[in-house]
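Which chain is which? The protein sequence lines are D and X, in order. Heads up: the first sequence is residues 5 to 174, going by the working numbering. Heads up: the second sequence is residues 28 to 127, going by the working numbering.
None of these hints come from the bench; they were simulated from the model. Don't take each hint at face value.
A partial selection of chain X residues facing chain D, derived with a Cβ cut-off under 8 Å [to be verified]:
(1) 30
(2) 32
(3) 48
(4) 54
(5) 58
(6) 62
(7) 93
(8) 97
(9) 101
(10) 102
(11) 105
(12) 122
(13) 124
Since the structure is predicted, the reported quantities are computational estimates derived from the model, not experimental observations. Yeah, the Cβ is synthetic: ideal placement off N, Cα and C, and Gly gets one too.
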Amino acid sequence: MHLILFIVFAGLCLAGAMNLLLQTHPINSALSLVVVMTSLAVLYLLLGAEFLAIAQIIVYAGAIMVLFTFVVMLLNAGREERTLGSRAGKMIGFPAVAVFLGVIATVILKAQNLGSVALSDPITSTEDLSRVLFHELLLPFEVTSVLILVAILGAVALARAGSGERRVSK
Amino acid sequence: MIPISWYLLLSAALFCLGVVGFLIKRNLITVFMSIELMLNGVNLSFVAFAHQWHLVKGQIFVFFVMVVAAAEAAVGLAIIIAVFRARSTLAVDRIDLMKL
Chain D
5 MHLILFIVFA
15 GLCLAGAMNL
25 LLQTHPINSA
35 LSLVVVMTSL
45 AVLYLLLGAE
55 FLAIAQIIVY
65 AGAIMVLFTF
75 VVMLLNAGRE
85 ERTLGSRAGK
95 MIGFPAVAVF
105 LGVIATVILK
115 AQNLGSVALS
125 DPITSTEDLS
135 RVLFHELLLP
145 FEVTSVLILV
155 AILGAVALAR
165 AGSGERRVSK
Chain X
28 MIPISWYLLL
38 SAALFCLGVV
48 GFLIKRNLIT
58 VFMSIELMLN
68 GVNLSFVAFA
78 HQWHLVKGQI
88 FVFFVMVVAA
98 AEAAVGLAII
108 IAVFRARSTL
118 AVDRIDLMKL
């Protein structure tokens, strides 16, 4: 059961990520990213992280992807032009990524004492999570709330009508 | 019973697909989506290691990564809107004002 779930959703995850790269229209890429994030939520659930699975769906697949699709539609982003792009990026980038993936894969496969996951493992309840979050890590939590506030102000200041254009023309 | 290394391999594959997307995509929004893909790949390995050592703090780190990703998405998309307003294009090849 666990194996079937893992294979199905890992396959969906990789297929969505590949589709993100192959599609030329941004809206198709955004929708395949939703597929990736939703199947990652199932994988989190298999790993016993129930709160993160729900947060993944609400925050990532919900809020962030709505923001992305909204911007794609707002800017009326058309089909991507196939240009040569940066040749250096392709010539150095692809071998570098392949080598990187190979190194990580060998390190992971050679690691000895990695355990295994079973469906019967205890799940981390939201209560455990919040107990650690609000007792030991209260200060970082409050700092992230300030970060969110700054991000809201920055987004409003940047996206305000005529903030870019007018300064260029003057 | 699934070895935890499978989850780690999946996370590495997602990260590398994100890097490839960052390199080959020519649309500003899609490049940004590739960054989100990389963040998700890293999150998966955090959750896998949190399960491996039965530590809750690994999952809390993922929570913080999500918060930072949300903030980054808001500011980044605002920057994309500002760039589009100034240059009326989303192709990264045409946004070359600071290139030599």
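Checked hints:
no., hint, verdict
1, 30, "holds, 5 Å"
2, 32, "holds, 5 Å"
3, 48, "holds, 5 Å"
4, 54, "holds, 5 Å"
5, 58, "violated, 10 Å"
6, 62, "violated, 11 Å"
7, 93, "holds, 5 Å"
8, 97, "holds, 6 Å"
9, 101, "holds, 4 Å"
10, 102, "holds, 5 Å"
11, 105, "holds, 4 Å"
12, 122, "violated, 12 Å"
13, 124, "violated, 10 Å"
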